[in-house]
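Read left to right, the sequence shown gives residues 1 to 331 (my numbering).
None of these hints come from the bench; they were simulated from the model. We treat Cβ as the ideally placed atom computed from N, Cα and C, and that holds for glycine. Check before you lean on any hint, since a few could be wrong.
[Unchecked claim] Cβ pair distances, simulated, as ranges: (1) L319 with M16: 21 to 29 Å; (2) F24 with S181: 38 to 46 Å; (3) A119 with A314: 20 to 28 Å; (4) R18 with A70: 35 to 43 Å; (5) L190 with A3: 24 to 32 Å.
[To be verified] Computed cross-link-like contacts, SDA-like style, restricted to lysine to any residue with a CA-CA straight-line distance of at most 25 Å: (6) K311 with Y26; (7) K108 with G176; (8) K311 with P46.
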Amino acid sequence: NYASFAASSLIYGLFMARRPDVIFAYHPPLTVGITASLISLFRRIPVVYDIQDMWPDTLRATGMINNSHALNAVEAVCQWVYRRVDHLVVLSPGFKRLLVQRGVPDAKVDVIYNWADEAALAAPQGQLPPSFPGPEQFRIVFAGNMGKAQALDTVLDAAALLQARGSRVCFVMLGGGVEVSRLKLHVVELKLHNVLFLSPVPMAEVGTLLHAADALLVHLRKDPLFEITIPSKTQAYMTVGKPLLMAVDGDAADLVVQSGGGVVAESENAEALASAAEGLAALAPEQLHLMGQEAQRYYQEHLALQVGVSKFGAIFNSLAPNTKPLSSLRA
Numbered sequence: 001n002y003a004s005f006a007a008s009s010l011i012y013g014l015f016m017a018r019r020p021d022v023i024f025a026y027h028p029p030l031t032v033g034i035t036a037s038l039i040s041l042f043r044r045i046p047v048v049y050d051i052q053d054m055w056p057d058t059l060r061a062t063g064m065i066n067n068s069h070a071l072n073a074v075e076a077v078c079q080w081v082y083r084r085v086d087h088l089v090v091l092s093p094g095f096k097r098l099l100v101q102r103g104v105p106d107a108k109v110d111v112i113y114n115w116a117d118e119a120a121l122a123a124p125q126g127q128l129p130p131s132f133p134g135p136e137q138f139r140i141v142f143a144g145n146m147g148k149a150q151a152l153d154t155v156l157d158a159a160a161l162l163q164a165r166g167s168r169v170c171f172v173m174l175g176g177g178v179e180v181s182r183l184k185l186h187v188v189e190l191k192l193h194n195v196l197f198l199s200p201v202p203m204a205e206v207g208t209l210l211h212a213a214d215a216l217l218v219h220l221r222k223d224p225l226f227e228i229t230i231p232s233k234t235q236a237y238m239t240v241g242k243p244l245l246m247a248v249d250g251d252a253a254d255l256v257v258q259s260g261g262g263v264v265a266e267s268e269n270a271e272a273l274a275s276a277a278e279g280l281a282a283l284a285p286e287q288l289h290l291m292g293q294e295a296q297r298y299y300q301e302h303l304a305l306q307v308g309v310s311k312f313g314a315i316f317n318s319l320a321p322n323t324k325p326l327s328s329l330r331a
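Hey, can you work out the whole structure from these sequences and the hints?
Structure (structure tokens):
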């Protein structure tokens, strides 16, 4: 658990490990940042702190912790860690803005986007399930967790609007989660024939389904935290070279607009989602192909594994200038 790992890693880092040039610490959990900061304090080793989840914001937004005193304590410890570490890495511009607003110097924070499992998604592997819709329909695939945060009732409401209009758009929902059973019941209640649920499959087979889609959907509920979040499926979608339908407000929508690799719709707005889906379905195949190419190009130039590794290497080099440079680092 978090406490035992923190204790054992602290003992190892203080008394047993050879002195490294740089400590790389990953958040969450917060205990890793505490351990790294204490090792840095006593051994004078610079720390790079990679923040993948903003605390206490996520704890508050998800309801994991509701006690205000506990949340304040978490925030105080986070601020202590931010002061102690030498450099912070975050996954979106919004995360950086929030840290700067909370007093972290701008120069101390770099944005390095997460990357996708490029090898697994590089080419289709395996066969499509027999139930996968044919090319006469416009197939929008949602792949990933189906929980409260995804607010997928909006997708079903959009599907109902599209079905009533006689649209050829259909939604393929791939994955699992706490909301799947309820959503399936809601599909039956709405008498929808344009929504298909598929069970989770290995990542290599996910690639097959993404490559077969006409467009790929991201949706999260309205929340200030999600406005500064880049959902991880965004990178997976972009690397396969398909148009995105981004129904997440904020940084994720900005990313799609900047790339030219898709369209955006307001989160939790069924009419906006339906209209955006119809707009994509109305495009010529050549236009859709070009849009997908733009998404893939943007990923390769700004979000790819090698781009991120190079940026991390530059940060490590700056903190350990007397060691051999990592310019030859390869993923």
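So, going through the hints one by one against the coordinates:
1. L319 with M16: 21 to 29 Å: Given range 21 to 29 Å: holds, Cβ gap about 22 Å.
2. F24 with S181: 38 to 46 Å: holds (40 Å)
3. A119 with A314: 20 to 28 Å: holds (24 Å)
4. R18 with A70: 35 to 43 Å: holds (37 Å)
5. L190 with A3: 24 to 32 Å: violated (46 Å)
6. K311 with Y26: Between K311 and Y26 the Cα gap is close to 16 Å, so the pair holds against 25 Å.
7. K108 with G176: It is violated: about 38 Å lies between the C-alpha atoms, which goes past 25 Å.
8. K311 with P46: Given pair K311, P46 holds - Cα atoms ~17 Å apart, limit 25 Å.
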